[in-house]
Each structure stands twice: as structure tokens, then as C-alpha cells.
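2 protein chains.
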Amino acid sequence: MGDKVEFTSRVNDLYKFSAIQGHLGWDQETMMPAKGAKARGDILAWLAAQRHSKLTDSEFGELITRLEGQESDDYFTANVREMRRKYDEAVKLPVEFVSEFTKARSQALIAWQEARKDNDFAKFSPHLQKMVDLTRKRIEYLGCEYTPYDVLLDEYEIGMTVNDYDPLFAGLKERLVPLLNKIMASDVVIPKLPAEMSFPVDAQEQFCQKVSHAMGFDFGAGRMDRSTHPFCAGIWPGDTRFTTRFDEKDPFSCLYAVMHESGHGLYEQGLPADYNYSPVGMAVSLGVHESQSRFWENQIGRTASFWKVAMPWFKEQFPDCPDWDSETLDLIANEVKPDFIRVEADEITYNLHIMVRYEIEKMIFNDGLKVEDIPSTWNTMMEEWFGIIVPDDSMGCLQDIHWSMGAFGYFPTYTLGNLYAAQLLQTMASQLGDIDQIISSGDWSPMLDWMRTNVHDKGSVMSPAELIEAATGSAPSPEPFLRYVEEKYSKLYKL
Amino acid sequence: MGDKVEFTSRVNDLYKFSAIQGHLGWDQETMMPAKGAKARGDILAWLAAQRHSKLTDSEFGELITRLEGQESDDYFTANVREMRRKYDEAVKLPVEFVSEFTKARSQALIAWQEARKDNDFAKFSPHLQKMVDLTRKRIEYLGCEYTPYDVLLDEYEIGMTVNDYDPLFAGLKERLVPLLNKIMASDVVIPKLPAEMSFPVDAQEQFCQKVSHAMGFDFGAGRMDRSTHPFCAGIWPGDTRFTTRFDEKDPFSCLYAVMHESGHGLYEQGLPADYNYSPVGMAVSLGVHESQSRFWENQIGRTASFWKVAMPWFKEQFPDCPDWDSETLDLIANEVKPDFIRVEADEITYNLHIMVRYEIEKMIFNDGLKVEDIPSTWNTMMEEWFGIIVPDDSMGCLQDIHWSMGAFGYFPTYTLGNLYAAQLLQTMASQLGDIDQIISSGDWSPMLDWMRTNVHDKGSVMSPAELIEAATGSAPSPEPFLRYVEEKYSKLYKL
Numbered sequence: 038m039g040d041k042v043e044f045t046s047r048v049n050d051l052y053k054f055s056a057i058q059g060h061l062g063w064d065q066e067t068m069m070p071a072k073g074a075k076a077r078g079d080i081l082a083w084l085a086a087q088r089h090s091k092l093t094d095s096e097f098g099e100l101i102t103r104l105e106g107q108e109s110d111d112y113f114t115a116n117v118r119e120m121r122r123k124y125d126e127a128v129k130l131p132v133e134f135v136s137e138f139t140k141a142r143s144q145a146l147i148a149w150q151e152a153r154k155d156n157d158f159a160k161f162s163p164h165l166q167k168m169v170d171l172t173r174k175r176i177e178y179l180g181c182e183y184t185p186y187d188v189l190l191d192e193y194e195i196g197m198t199v200n201d202y203d204p205l206f207a208g209l210k211e212r213l214v215p216l217l218n219k220i221m222a223s224d225v226v227i228p229k230l231p232a233e234m235s236f237p238v239d240a241q242e243q244f245c246q247k248v249s250h251a252m253g254f255d256f257g258a259g260r261m262d263r264s265t266h267p268f269c270a271g272i273w274p275g276d277t278r279f280t281t282r283f284d285e286k287d288p289f290s291c292l293y294a295v296m297h298e299s300g301h302g303l304y305e306q307g308l309p310a311d312y313n314y315s316p317v318g319m320a321v322s323l324g325v326h327e328s329q330s331r332f333w334e335n336q337i338g339r340t341a342s343f344w345k346v347a348m349p350w351f352k353e354q355f356p357d358c359p360d361w362d363s364e365t366l367d368l369i370a371n372e373v374k375p376d377f378i379r380v381e382a383d384e385i386t387y388n389l390h391i392m393v394r395y396e397i398e399k400m401i402f403n404d405g406l407k408v409e410d411i412p413s414t415w416n417t418m419m420e421e422w423f424g425i426i427v428p429d430d431s432m433g434c435l436q437d438i439h440w441s442m443g444a445f446g447y448f449p450t451y452t453l454g455n456l457y458a459a460q461l462l463q464t465m466a467s468q469l470g471d472i473d474q475i476i477s478s479g480d481w482s483p484m485l486d487w488m489r490t491n492v493h494d495k496g497s498v499m500s501p502a503e504l505i506e507a508a509t510g511s512a513p514s515p516e517p518f519l520r521y522v523e524e525k526y527s528k529l530y531k532l
Numbered sequence: 038m039g040d041k042v043e044f045t046s047r048v049n050d051l052y053k054f055s056a057i058q059g060h061l062g063w064d065q066e067t068m069m070p071a072k073g074a075k076a077r078g079d080i081l082a083w084l085a086a087q088r089h090s091k092l093t094d095s096e097f098g099e100l101i102t103r104l105e106g107q108e109s110d111d112y113f114t115a116n117v118r119e120m121r122r123k124y125d126e127a128v129k130l131p132v133e134f135v136s137e138f139t140k141a142r143s144q145a146l147i148a149w150q151e152a153r154k155d156n157d158f159a160k161f162s163p164h165l166q167k168m169v170d171l172t173r174k175r176i177e178y179l180g181c182e183y184t185p186y187d188v189l190l191d192e193y194e195i196g197m198t199v200n201d202y203d204p205l206f207a208g209l210k211e212r213l214v215p216l217l218n219k220i221m222a223s224d225v226v227i228p229k230l231p232a233e234m235s236f237p238v239d240a241q242e243q244f245c246q247k248v249s250h251a252m253g254f255d256f257g258a259g260r261m262d263r264s265t266h267p268f269c270a271g272i273w274p275g276d277t278r279f280t281t282r283f284d285e286k287d288p289f290s291c292l293y294a295v296m297h298e299s300g301h302g303l304y305e306q307g308l309p310a311d312y313n314y315s316p317v318g319m320a321v322s323l324g325v326h327e328s329q330s331r332f333w334e335n336q337i338g339r340t341a342s343f344w345k346v347a348m349p350w351f352k353e354q355f356p357d358c359p360d361w362d363s364e365t366l367d368l369i370a371n372e373v374k375p376d377f378i379r380v381e382a383d384e385i386t387y388n389l390h391i392m393v394r395y396e397i398e399k400m401i402f403n404d405g406l407k408v409e410d411i412p413s414t415w416n417t418m419m420e421e422w423f424g425i426i427v428p429d430d431s432m433g434c435l436q437d438i439h440w441s442m443g444a445f446g447y448f449p450t451y452t453l454g455n456l457y458a459a460q461l462l463q464t465m466a467s468q469l470g471d472i473d474q475i476i477s478s479g480d481w482s483p484m485l486d487w488m489r490t491n492v493h494d495k496g497s498v499m500s501p502a503e504l505i506e507a508a509t510g511s512a513p514s515p516e517p518f519l520r521y522v523e524e525k526y527s528k529l530y531k532l
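Each protein sequence line maps, in turn, to chains S and C. For reference, each letter of the first sequence is one residue, going 38 to 532 in our numbering. For reference, each letter of the second sequence is one residue, going 38 to 532 in our numbering.
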């Protein structure tokens with residue numbers, strides 16, 4: 038077998054292990070019975086160990102070294118480069134550590150679900166402590182060039198550090214907080230859902246599937262299920278699964294979760310099929326992934342033009358709902374209100390939610406914040422920045438799944454997603470013309486096609502920053518996002 | 038690492054691969070979107086190849102040889118014996134063949150589902166041909182001592198051959214056919230479901246879950262889902278999943294499928310946990326597995342005593358159903374009628390259904406019956422033995438999933454299950470006292486406990502025949518089954 042063929046075969050093996058892990062992860066949160074948790078943890082840990090031992094095989098290391106000296110096309114070169122990064126990282130982590138981490142993560146996930154349901158941080162606390170301890174150990178193994186937290190940030194969006202995020206967040210805060218204050222002072226009244234009204238789950242499901250289908254999500258190659266925390270898993274070719282949750286009192290919560298996860302799903306369904314089971318065939322970064330979900334959720338879904346199209350579908354499912362017009366629904370969908378839950382936050386406060394998590398993670402890993410002090414730290418920040426008192430930890434530091442999965446350093450990529458989305462929209466509009474007109478037409482395929490060509494098709498052949506620059510002509514910048522929110526909300530709230 | 042530790046670790050690895058295959062198989066039939074089929078086939082084939090290459094590792098073979106000379110406890114010895122059998126078989130099968138077989142099976146399964154839905158044998162025919170060809174090749178690789186079909190029969194129930202089954206089936210036929218004729222001539226009238234009545238799926242689901250729960254199935258360690266063909270998968274510790282299907286016109290079809298699959302599920306949930314991921318921790322054979330499902334489905338579920346307990350649950354879900362008493366429901370549940378569908382057949386005709394499949398399989402592999410001639414051969418037999426004309430292949434040779442999975446030689450184990458179940462019931466009654474009284478009490482745990490002690494707990498430490506003999510004091514025999522049906526149906530039909 039030639040080096041290139043062997044490399045591809047070994048890489049495919051590794052990514053097949055990952056795909057199975059992804060599938061079992063999906064199942065764990067949607068289907069698995071509670072008593073299956075122990076075995077699930079064991080199996081996931083075993084798979085991680087199998088994958089790890091294949092990844093760290095020294096023959097594979099030598100193969101990568103040989104291929105680094107050879108001429109190849111861009112895609113192959115990108116695969117070699119990415120596998121070098123993964124190989125170097127993996128050889129630093131002992132196989133027992135990887136297995137322990139995976140096992141602890143499975144248990145922490147279950148504990149988090151229970152703690153959140155019972156609103157009992159103490160149930161989660163020892164598991165969170167374990168995840169923090171293991172993550173500190175991980176940082177030690179990987180080696181720390183700048184600050185410990187930087188090691189984690191770099192893992193989720195290559196090249197990003199505290200030195201990049203600190204000024205970025207400061208800059209956002211500088212313009213978002215005054216905007217928020219102006220909105221809070223506005224006398225525009227947001228209509229409320231009638232308190233006595235209920236929106237049956239089945240009808241919500243029908244409505245949301247219709248919207249997702251209109252976005253272009255292929256249900257012949259995917260599913261929509263339920264889980265505590267909505268997520269999307271692009272498991273394997275032809276099989277992309279996302280989840281949502283239902284609140285009978287609020288159909289918008291589910292709708293925007295579905296648009297969000299469908300946005301992720303469209304990216305997965307659009308990745309270059311010729312490079313399945315290899316890095317270059319995967320999404321380029323969490324930030325870019327989030328740009329796709331936020332694009333559909335906010336920039337398409339939270340507009341009057343969207344509601345012109347979706348209103349008949351909504352009324353079909355909820356014939357008793359008040360006779361709102363699309364402008365009213367647009368207002369409801371864009372209500373700005375400092376509140377507790379990140380995934381239901383408006384576009385203005387959302388990035389402040391991310392900052393809370395970013396600051397706390399930074400404190401944990403760079404300044405030794407104790408796990409037991411997380412709830413009070415969280416609640417203090419929420420009071421200071423949002424002016425609201427967190428009533429219990431389920432509405433506070435227990436709301437997100439990420440820490441139970443040991444995904445520290447992940448949150449800031451959500452903000453990057455918001456920035457990328459705005460920058461992509463700006464360029465798309467300059468090329469396709471009036472976006473509102475496209476949305477109103479009900480045929481959203483030109484926008485999906487544009488994303489397919491400029492983002493999805495590219496897989497991971499470039500870095501995230503290169504991809505954004507290639508698509509938009511400029512390096513990533515917060516400016517388009519800030520202009521977008523300032524313009525949109527000034528109009529909505531008559532500022 | 039000592040030999041024993043290494044052996045256990047290698048065996049566990051192999052069984053973890055199998056568990057993942059089992060899980061993906063479950064998902065394929067319950068959850069997978071249609072376009073995921075190609076990748077699913079690839080992944081299952083890849084897993085089979087991974088497992089096969091680990092199983093056939095010559096170092097593993099040497100390890101087995103070394104352990105065969107050592108003293109060990111019964112359970113360890115059983116594991117070594119069983120792995121020797123699997124190793125010897127596997128080294129005869131080239132890895133490419135295993136991979137091709139698995140891939141073809143995935144595709145055949147999809148094709149079968151479509152062909153059955155569309156009632157179009159031609160859609161399935163090329164895939165079935167492929168499965169037959171690959172199975173012939175498999176027989177060649179494994180080596181044929183007696184007839185080719187014997188190689189397949191032995192795989193599903195060790196030690197059973199055409200020479201065992203031919204007289205067994207002849208003996209059953211000799212006493213079942215006269216019994217059937219007498220029943221057909223009886224003037225007992227079986228009440229019919231009112232044609233206009235409909236039984237909503239959700240209510241059926243509730244009712245069936247209640248019954249399954251009363252049997253002792255632990256829904257905290259399992260699930261019930263839907264699939265074209267009901268099945269049960271004991272995937273991994275704490276996670277046993279079965280499926281059913283719903284017919285709004287006939288609630289009994291679903292009920293008895295659920296009792297059947299729950300019986301399988303109880304066996305899986307009762308296997309010895311200390312021997313997870315090794316042969317001795319698995320069900321001992323398909324025949325014994327089927328004895329557990331048939332016990333609950335027929336010997337418990339199809340009795341007036343069962344309906345005394347279940348009737349209030351039934352009426353709770355279907356308040357508009359006729360005011361039947363438990364004797365009437367018992368009659369409905371035990372209607373004997375030569376009909377088309379095996380899984381819905383009564384206890385008398387069931388084994389004749391098996392004989393049709395047995396004879397056709399024997400013809401395919403021992404006498405060169407052509408795939409294209411299967412439908413006509415099937416239909417001719419149904420006419421001769423059952424006196425009914427098969428209206429289309431969905432009601433005929435397309436009804437079962439087995440051949441699409443290449444599971445030739447599997448069907449006869451169903452009949453063994455019926456025989457074992459009757460033999461176990463006879464002994465259970467001699468030890469626990471009046472079984473009808475236990476069923477009527479609504480507390481069915483003494484029966485489950487008896488099965489736990491005498492069957493489930495044993496795993497695969499003995500051969501199927503040894504296990505039946507240890508549990509009942511006699512070698513497996515058709516006599517208890519024949520006596521059971523003759524007595525039961527003489528009473529029901531006043532013969």
C-alpha cells in the first residue's frame with residue numbers, strides 16, 4: 038500500500054470511530070434508558086481508547102512525517118496538516134487519561150441532567166469538580182504556552198486566545214450595553230402571548246418541521262428528536278440528526294431552537310461528500326458552525342419577511358392564536374430583555390451571556406475559582422450586568438450542558454458565530470441583492486446555495502479566518518455584527 | 038499480563054464490537070433516515086472487518102490453545118470452548134468475505150423493506166440471490182460434513198442437523214394436523230372484533246407497556262419502539278430494546294408481539310452481569326431465547342387467567358370495546374385458523390409455518406431451488422398444507438425479515454422454542470403449583486424468578502440441551518408441547 042492510500046485508510050478508521058462515538062452520544066441524550074448509563078460510559082471510554090491507540094501509533098506518526106515532505110493537492114495537504122496537529126496533541130495524552138476523561142464525562146452528563154431537573158447544584162458539583170480537575174491535567178499534558186485557559190480556547194477555535202477575546206468582548210460590551218439601555222428605555226410595547234393559551238406539542242412539531250424543511254433540511258437524510266438541550270449531530274453521510282425541546286406555553290422557543298439546529302444540520306448535510314471520514318470533510322470550526330445556525334435562527338427567522346411566509350403555517354397549526362400580523366410577530370421574536378437563559382436570549386444580551394461564561398471559565402483555569410463558588414459568582418455577575426436576580430441554579434449555572442461534557446473554552450465560539458454570520462450576510466446581500474425580498478418570496482434556496490458554495494463545500498480546506506476572508510473579502514471583524522444589531526434594533530424599537 | 042487476563046480483555050473487545058453492531062442494527066430499523074443506509078452499510082461492514090481481524094489474530098489462536106490445557110472454573114472454561122469454536126470458524130472466512138456479506142446484508146434489508154411495502158418480490162429478488170450466493174460461499178469456506186443446509190442449522194442451534202429436524206417435524210405434523218382438522222370441524226364460535234371499531238395507537242401503546250411492565254420488563258433499563266418487524270435487542274448492560282408494530286383494527290396483534298418481545302427482553306435483562314461482553318454472559322441459543330418469548334406470549338398471555346388480570350387495563354384504554362369476559366378474550370386470543378402470517382399464527386399452525394420455511398431453505402441449499410421459484414414454491418405449500426391461496430408475496434415469502442439478513446437455518450429454532458417452553462412450563466408447574474392461580478393473582482414474579490434461576494442466570498455455561506435437562510430433569514422432547522396443545526385446545530374447542 039502506498040503512503041497516501043495507507044494514510045487515508047488510517048484516517049478513515051479514526052473518523053469512523055468518532056462517528057460511532059457521535060452516534061452513541063446522540064442516542065445517550067435522546068433514547069438511552071437511565072440504567073444504560075454505566076455501560077454507555079464504559080463503551081464510549083473503550084471507543085475513545087481504541088481510537089486513541091490507533092491515533093498515537095508511532096507508525097502513523099512516521100507516515101505523517103513522510104507525507105509532509107510530499108507534493109499533494111490542497112485537500113490532501115489539509116488532511117496531513119490537521120492529522121499532524123491531532124497526532125501531536127494525542128501523543129501527549131496517555132491512553133488511560135483519555136479513557137478516564139470519557140468515562141467521567143458520561144457520568145457527569147447524567148448527573149447534570151438530574152441536577153438540572155432537581156435544581157440541585159450539589160448533585161452535579163463533584164462531577165463538575167472531576168471535569169475541572171481532569172481538564173487541568175489535560176492542560177498540563179498538552180503544555181501551556183501562555184495562560185492555561187488559552188490551551189482550551191485554542192482547541193475550539195484554532196489561534197484564539199485570551200489576548201484575542203478580551204478586547205473583542207470589551208469592544209462588544211462597549212457598544213452593546215448602551216444599545217441595550219436605549220432599548221430598555223424605549224416605549225415600544227411588545228405584545229404578549231395570551232397566558233391562558235396552550236400550544237400542543239404535536240402542532241409545534243408539525244410547524245417546526247415545515248420551517249426546517251423550507252430552510253432546505255433534508256429529512257430523508259436526517260431526523261428531529263427531543264432532548265433536554267437541543268443539539269445537532271452530523272453523524273455520518275446521509276444521516277444528520279438534530280433535537281429540540283417543547284414548551285406548551287411558548288411555541289417560539291421551540292421554533293428558534295429548530296431553526297438554529299437546522300442551520301447546523303444544513304452545514305453538515307452540505308459538507309464535501311468526497312472527503313467523508315477525514316478532517317477536510319468536516320466543518321471547519323465551531324465558530325463557523327455557529328455562524329450557520331445563527332444566520333438562519335436570527336437573520337432569517339427573526340424578521341418580518343420570515344413571518345410573512347411562516348404565518349399561514351403557524352395559523353394552520355394554531356388556529357386559535359391571536360390575529361397578529363408579521364410585524365407583530367417580528368417584534369415578539371425580537372423582544373430584548375435581560376433574562377436568565379442563554380439559548381433563549383435575544384441578539385443583544387446573548388453575547389453578554391457568553392461573557393459571563395467566558396469570565397467564569399477564565400477564573401476557574403487562570404485564577405483558581407473553586408467549583409463550589411461558581412453559583413455565587415454566576416449570580417453576582419447576572420445581577421451586575423443584567424440587573425436580575427437568579428432564582429435558582431437551573432436558571433443559572435446549571436442551564437448549559439457544556440461543562441458536564443468538559444467543554445471548557447467552547448462558549449466564546451458562539452460569539453464568533455454571531456460575528457461571522459453578520460459578516461456573511463453582508464456579503465451575501467451585496468451579491469444576491471435584497472435579502473428581505475428573497476426571504477419574503479418563500480424560496481430560500483438562493484441563500485442556502487450561497488452558503489453551500491462559500492462555506493459548506495469548502496469543508497476544512499482553509500482555516501476559519503481564511504474561510505471567512507475568502508467568502509467576504511475581509512478578515513473576521515465585529516463591525517458588521519454591531520452595525521447589523523444597531524440598525525435592526527433602532528428600527529424595531531424606534532430609537 | 039497473564040494469559041487469562043489477556044484472554045478476557047480480547048474477548049471483551051470482540052463483544053464490544055458486537056454490541057455496537059447490535060445497537061446500530063437496532064437504530065437502522067427504528068430511527069435511521071433512508072439516505073443513511075449506504076453509510077450504515079459501510080460502517081457495519083467496517084465494524085465486522087475490525088472484529089474479524091481481531092478474532093482471527095493468530096496470537097489469539099495461540100492464547101486459546103494455551104488456555105485449553107489449563108484448569109479453570111466452569112464459566113471461564115465455557116468461554117474458552119466457545120471462543121475456540123468462533124476462532125476456528127472465523128479463520129475459515131476471509132476478511133473481505135465478511136465485509137462483503139455485512140454490506141450486502143444492509144442493502145438487502147432496505148430492499149426487503151421496500152419490496153414488502155410495495156408487494157414487489159422483483160425488488161428483493163437480486164438481493165436475496167446475493168444473500169443465497171454469499172451463504173453458499175460461506176458454507177464452502179466453513180466446510181460441509183453432511184449436507185450444506187446442516188452447516189447453517191448448526192450455526193443457530195449447535196448440534197442440530199437435517200437428521201434431527203426431519204423426524205422432529207414429521208412427528209409434530211403427525212399429531213398437529215389431525216388436531217387442526219378436529220378444531221376446524223368444531224362448532225365453537227370465536228367472537229369477532231366489531232368491524233367498525235378502531236383501537237388508537239397511543240392507547241395500545243399504554244396497554245402494552247402496562248402488560249410488559251407487569252411481566253417484569255424493566256423500562257428503566259430498556260425501551261419499546263416501532264419497526265416493520267418486531268424484534269428485541271439486548272444491546273448492552275442496562276439497555277435492552279424491543280420493538281412492536283400497531284394495527285388500529287386489531288389490538289391483539291400488538292399485544293402478543295409485545296409479550297413475545299418482552300419475553301426475549303426479560304431473558305436479556307436477566308443474563309449474568311458478571312460475564313458481560315463474553316460468550317458465557319450471553320443467551321445460550323436462539324431456541325432457548327424463543328422459549329422465553331413463547332412462554333410469556335402463549336402460555337401466560339393466551340389464557341383466561343391472564344385476561345382476568347389484563348381486562349381492566351384493556352377496558353381502561355378501550356372503554357368502547359364490547360363487554361367481553363375473560364373466557365371470551367381467551368377464545369379470541371386462541372383462535373386457530375390456517376392463515377398467511379407466521380408471527381400472528383396460532384400455536385397449532387405456527388410450527389407448520391416453520392416447516393414451510395425449513396423445507397424451502399433445505400431445497401435452496403441442498404436441492405438447488407432457484408430464488409425466482411421461491412414465491413411459487415411457497416404458495417404451493419401454503420395451498421397444500423393450509424388450504425389457502427396466498428394473495429400476494431407480502432402475505433407470502435416477503436413477510437419475514439430473516440432471509441434479507443442472510444439468516445438461513447434460523448427458523449427451525451422457533452419450533453425448538455415452542456417445545457422448550459412447554460417442557461419448562463411443565464416443570465415449573467410441578468415446582469410452583471397451579472400456574473393458572475399464579476397468573477390470576479396478577480403477581481407474576483414467581484414465574485419470572487423461576488426462569489431467572491433455571492434459565493437466565495445460567496448464561497451459556499451449558500449447551501442448550503444440557504440447560505433444558507438441568508432445568509427440567511429430562512432431555513429436550515416434543516412430548517410436553519404436544520400434550521400441552523392437545524389438552525388446551527381440546528378444552529377450548531370442546532373436542
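In case anyone wonders, no lab produced these hints; they're calculated from the structure. All figures in this text were calculated on a predicted structure; none of them were measured in a lab. Keep in mind that the hints are not guaranteed to be accurate.
Treat identical chains as interchangeable: a pair holds within one or across any two.
Under the rule of at most 27 Å between Cα atoms (straight-line distance), these lysine-lysine pairs were calculated in the DSS-like manner [stated by the list, open to error]:
(1) Lys91 with Lys528
(2) Lys129 with Lys210
(3) Lys75 with Lys53
(4) Lys53 with Lys525
(5) Lys123 with Lys345
(6) Lys374 with Lys286
(7) Lys41 with Lys140
(8) Lys154 with Lys247
(9) Lys528 with Lys345
(10) Lys531 with Lys72
(11) Lys72 with Lys247
(12) Lys140 with Lys91
(13) Lys75 with Lys41
(14) Lys140 with Lys53
(15) Lys210 with Lys352
(16) Lys129 with Lys167
Status of the hints after comparison with the structure:
For the identical chains of this complex, lysine 91 and lysine 528 are neighbours neither inside a copy (56 Å) nor across copies (65 Å), given an alpha-carbon limit of 27 Å. In this assembly of identical chains, the alpha carbons of lysine 129 and lysine 210 never lie at most 27 Å apart, being 38 Å within a copy and 68 Å across copies at closest. In this assembly of identical chains, the alpha carbons of lysine 75 and lysine 53 lie at most 27 Å apart whether taken from the same copy (23 Å) or from different copies (14 Å). With identical chains, the CA atoms of lysine 53 and lysine 525 are never at most 27 Å apart, being 44 Å at best within one copy and 54 Å at best between copies.
In this homomeric assembly, lysine 123 and lysine 345 never come within 27 Å of each other (Cα to Cα): the closest approach is 47 Å inside a single copy and 64 Å across copies. In this assembly of identical chains, the alpha carbons of lysine 374 and lysine 286 lie at most 27 Å apart only when taken from the same copy (18 Å versus 52 Å across copies). For a Cα distance limit of 27 Å, the shortest separation of lysine 41 from lysine 140 across copies, 25 Å, qualifies, whereas the shortest one inside one copy, 34 Å, does not. Taking the shortest alpha-carbon separations for lysine 154 and lysine 247, only the inter-copy value of 26 Å comes in at or below 27 Å, while the best intra-copy value is 30 Å.
Within a single copy, lysine 528 and lysine 345 get their C-alpha atoms as close as 18 Å, which meets the 27 Å cut-off; across copies the closest is 69 Å, which misses it. In this assembly of identical chains, lysine 531 and lysine 72 lie within 27 Å of each other by CA distance neither inside one copy nor across copies; the values are 54 Å within and 48 Å between. Proximity of lysine 72 and lysine 247 under a CA criterion of 27 Å is satisfied inter-copy only: 19 Å between copies versus 35 Å inside one chain copy. In this homomeric assembly, lysine 140 and lysine 91 come within 27 Å of each other (Cα to Cα) both inside a single copy, at 19 Å, and across copies, at 24 Å.
Taking CA atoms no more than 27 Å apart as the test, lysine 75 paired with lysine 41 passes between copies only; the shortest distance there is 25 Å, against 40 Å inside one copy. Taking the shortest alpha-carbon separations for lysine 140 and lysine 53, both the intra-copy value of 20 Å and the inter-copy value of 16 Å come in at or below 27 Å. Proximity of lysine 210 and lysine 352 under a CA criterion of 27 Å is satisfied in neither setting, with 38 Å inside one chain copy and 63 Å between copies. Taking the closest pair of Cα atoms, lysine 129 and lysine 167 come within 27 Å of each other only inside a single copy of the chain (20 Å); across copies the shortest separation is 47 Å, beyond that limit.
The structure does not agree with the numbered hints 1, 2, 4, 5, 10, 15 stated previously, though it agrees with the rest.
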